[in-house]
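Undergrad: Residues per chain, in single letters:
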Amino acid sequence: MKSTVPLGRLFLKLHPADCAVIAILSVAVVVAAVRLPLAQHDLTNALLLHYGLLIGFLGGTAAFIHWDRASWVTLARPALVVTVIFTLYSTLGRLGIDAMPYLADRELSCIDIWMFGTDPSLALDRLLTPGRVELFSFVYGAFIPYIYVTIVLNCLGRPALERHAFLTGWTFTYAVSYLGYIFVPARGPGFLDAGQYTVMPELQGGYFYQLVVGGVDATGGLQGAFPSLHVGGSLYLCLFELSTNRLRGIIYLPLVVLIYGATLLLRYHYVIDLIAGTVLATSMLYVGNAIFLAWARARQQAGMPALPGGEDDLLPAAAEPGPNRIAPVFSAD
Amino acid sequence: MICYLLLRSLARIVLHLFFRRIEIEGLASVSKDAPVLFAPNHSNAFVDPLVLMIALPRRLTLTAKNVLANNPLAAAFMAALGVILFHRKDDVGKGADPRQNLRSLERRRDVLDRGGALCIFPEGVSHSDPSMRRFRTGAARIALDCLKSKAGARPLIVPVGLLYTEKHRFRSNVWLRFGPPLSVERWQAEHPEADAHDLTEEIRRRVEALTLNFEARRESLILTWGAEIMVTRGQDPPPLGWRDPFVANWFQLVARLRDGYRALLDTHPAEVAAVTTRVRHYRSQLKRLGIEPAEVYLPVKAGKALFFVVRELELLLIGAPFALFGAVNHLLPYLIVKKFARVLSKDKDHWATNVIYPSFVVFPLFFLLQVALAWLLVPPFWAGLYTIALPYTGYVALLYFERARATRQRIRSFVYFLRNPAKQEELAREGRDIIAAVWALESRLHMPAKEQL
Chain A
55 MKSTVPLGRL FLKLHPADCA VIAILSVAVV VAAVRLPLAQ HDLTNALLLH YGLLIGFLGG
115 TAAFIHWDRA SWVTLARPAL VVTVIFTLYS TLGRLGIDAM PYLADRELSC IDIWMFGTDP
175 SLALDRLLTP GRVELFSFVY GAFIPYIYVT IVLNCLGRPA LERHAFLTGW TFTYAVSYLG
235 YIFVPARGPG FLDAGQYTVM PELQGGYFYQ LVVGGVDATG GLQGAFPSLH VGGSLYLCLF
295 ELSTNRLRGI IYLPLVVLIY GATLLLRYHY VIDLIAGTVL ATSMLYVGNA IFLAWARARQ
355 QAGMPALPGG EDDLLPAAAE PGPNRIAPVF SAD
Chain B
3 MICYLLLRSL ARIVLHLFFR RIEIEGLASV SKDAPVLFAP NHSNAFVDPL VLMIALPRRL
63 TLTAKNVLAN NPLAAAFMAA LGVILFHRKD DVGKGADPRQ NLRSLERRRD VLDRGGALCI
123 FPEGVSHSDP SMRRFRTGAA RIALDCLKSK AGARPLIVPV GLLYTEKHRF RSNVWLRFGP
183 PLSVERWQAE HPEADAHDLT EEIRRRVEAL TLNFEARRES LILTWGAEIM VTRGQDPPPL
243 GWRDPFVANW FQLVARLRDG YRALLDTHPA EVAAVTTRVR HYRSQLKRLG IEPAEVYLPV
303 KAGKALFFVV RELELLLIGA PFALFGAVNH LLPYLIVKKF ARVLSKDKDH WATNVIYPSF
363 VVFPLFFLLQ VALAWLLVPP FWAGLYTIAL PYTGYVALLY FERARATRQR IRSFVYFLRN
423 PAKQEELARE GRDIIAAVWA LESRLHMPAK EQL
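Line order of the protein sequences matches chains A and B.
Each residue of the first sequence is one higher than the one before, counting from 55 in our numbering.
Each residue of the second sequence is one higher than the one before, counting from 3 in our numbering.
Some hints here could point you the wrong way.
[To be verified] Simulated restraints on C-beta separations: (1) B:Gly154 to A:Gln354: 48 to 54 Å; (2) B:Gln287 to A:Val333: 40 to 46 Å; (3) B:Ala276 to A:Leu210: 18 to 24 Å; (4) B:Arg235 to A:Tyr340: 53 to 59 Å; (5) A:Ile165 to B:Ala385: 52 to 58 Å; (6) B:Leu378 to A:Leu181: 24 to 30 Å; (7) A:His120 to B:Gln237: 29 to 35 Å; (8) A:Val333 to B:Phe172: 37 to 43 Å.
Because the hints were derived from the structure by calculation, they are not lab data.
Backbone N, C-alpha and C fix where the C-beta goes; we use that ideal spot for every residue, glycine too.
Can you make the complete structure from the sequences, with help from the hints?
TA: Structure, rendered in structure tokens:
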């Protein structure tokens, strides 16, 4: 019984975002190890890479746990989590395709055809013009600076509670998506329907299109289609900001809407990928916040500061502020 | 009913644009099906009933003096909402016929008998006085009247407090408070000898407990200024774009200061006068310099300033095209509503009314006109895009210019303090001293200063 208390406290020092990253890295290592002797491709590099990332991340997490109240943790934790998550963006799609004995493209495409009666990717073919390819390529590419700036602003320039809720929800969005990358490996309609298109965008695209193609190639080419993280990631950021920093959220809303169109028009995703990304981002907005609050309250109940990094401990009352909230507080503190 | 629901939806949009924040307290205690008579204070003319209407999940029947229906637009609006008109003796020369009150009384009783919700403003008139005016007995009479008939309703009276931070300002805040319901039947059983005047007094006491009442405007001003200083806590101001603090906190702080002020004025008049003078002097200094009380504690550090510039610049640059498009497309209705408000408003009391009610007509009208023109003149794709973009960019413009103003204000204060560090130190010291002096004074009341309200 005695040993459970420190173990419990140790677990409470583990941020939910850390848990999500450790979980997805562990899944990647296990999948690579189990499929190593069976897969057609050599998974040794993938196994070593993810194992190394797991060990490195565990080391970082151990430091965060040890210096739970140090102020540098508030900056170092999101930096490490975001770095690892973005590294996995270009590795897990490949792992899923190499390790799994199947590709899910055909099934995903069938779902699209079942929903629309025709293949949406091929149907959109006739809408492609050089101007539109360039416009949507710009939008597709704008996703990158948008998410980086938004993550930096939300990990640095927001109140402590919001920062932690953001980091938790965002990490969970990516971690759950990565499960899709591994277990539902797909390369997108650009790969599946390659021979059926009447218009080849590479013949039409200009500067931005080439930029996007270069970017996709740099992150491993066509892989990790399900669910769409372009949609899931940007929608999560936008929804989070709509509830916390409304002006910024609403300003970027058109970009997020256009990203939906860009992923389809540029043949990177099936419609079902977009639906999955939308459901994931929307649910993680609430799930992430709930998980973070439950964790912070559990810390408080265990006699620890609610938040790591020596930050303000003021947690919202169990009932969220709203129409029937309890009397507000103002004290001399 | 459809008209009511439509107007309520429209009112919800308009009020949520006009006010930055509407906080509601005690809604859970309001019955959804019992006959209820709402008795609010009345300080913001025709905005008060709208705020109440959008907050309640049930249909609310409003009452109004008949002379308001002399305006055909107002008459149509009131008819759509099912407003019950009554004729006041004071308005006899202006078309009121008190003999018709029998009919309106019947209608009001009928609403309660059917288990409906009725709203009567016991003060009878909207005003900007520092405290509530004398309550009229109408609400109490109707409630007691219902009890007289055996088949009649057994109404509950719900006292309501409507508090506005600055009712004459666009994007100010509202705190709507519902008090515990008063069962008229039970009250009468407990007070068998009591009449409508006693019930009115009971309602007044309950509404008073939900509102902020001051003895004089001077008292209200000095306590509001004091609260502005206290609420800073002598700490760095929150970055722009952070969630606003709760409106309720603000009013509770003012109420707490008022209670302390009144109690100490008798026992420690000299100390109270000294702090009051300091608050007034400090406030006038800040006003002269154009600095908000919270900005006195603005950290003048290069790193924070750089982050501020990056954050605000990114937002203002990316948002500029949307905001400008929204501003240009809403300029004409905006100017028309502004002109209306300027011409019609003779006092602070009616300014919000004269902005909100014309907005009900002018903005939707212009929206329809602009959209119709777009569909006539440009291809369907662009017309559709314009139809979506119009409300979207209008909302962006609203938030954008609010943020731009706040950014400009903060830059101005930052630059001033950068050039005058000694002045910032002096102001910060004085601000913190005032806060400490107020808490010290409060401790004289034998109330622990750190006790939560």
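Undergrad: CB of valine 333 (chain A) to CB of phenylalanine 172 (chain B), is that within 37 to 43 Å?
TA: Distance hint for valine 333 (chain A), phenylalanine 172 (chain B) holds at roughly 39 Å.
Undergrad: Between glycine 154 (chain B) and glutamine 354 (chain A), is the Cβ distance one that fits in 48 to 54 Å?
TA: Check passed, 53 Å falls within 48 to 54 Å.
Undergrad: Given a hinted range of 40 to 46 Å, is it respected by the beta-carbon distance of glutamine 287 (chain B) and valine 333 (chain A)?
TA: violated (56 Å)
Undergrad: Does the Cβ-Cβ separation between isoleucine 165 (chain A) and alanine 385 (chain B) fall within 52 to 58 Å?
TA: Violated, since isoleucine 165 (chain A) and alanine 385 (chain B) (Cβ atoms, about 34 Å apart) do not stay within the stated range.
Undergrad: Should the hint that histidine 120 (chain A) and glutamine 237 (chain B) are 29 to 35 Å apart at their CB atoms be regarded as holding?
TA: holds (30 Å)
Undergrad: Honestly, do arginine 235 (chain B) and tyrosine 340 (chain A) meet the 53 to 59 Å range at C-beta?
TA: violated (32 Å)
Undergrad: Using the beta carbons of leucine 378 (chain B) and leucine 181 (chain A), state whether their distance is inside 24 to 30 Å or not.
TA: holds (26 Å)
Undergrad: Could you tell me whether the CB distance from alanine 276 (chain B) to leucine 210 (chain A) stays inside 18 to 24 Å?
TA: Since the Cβ atoms of alanine 276 (chain B) and leucine 210 (chain A) sit about 43 Å apart, the hinted range of 18 to 24 Å is violated.
When each numbered hint is compared with the structure, violations occur for hints 2, 3, 4 and 5.
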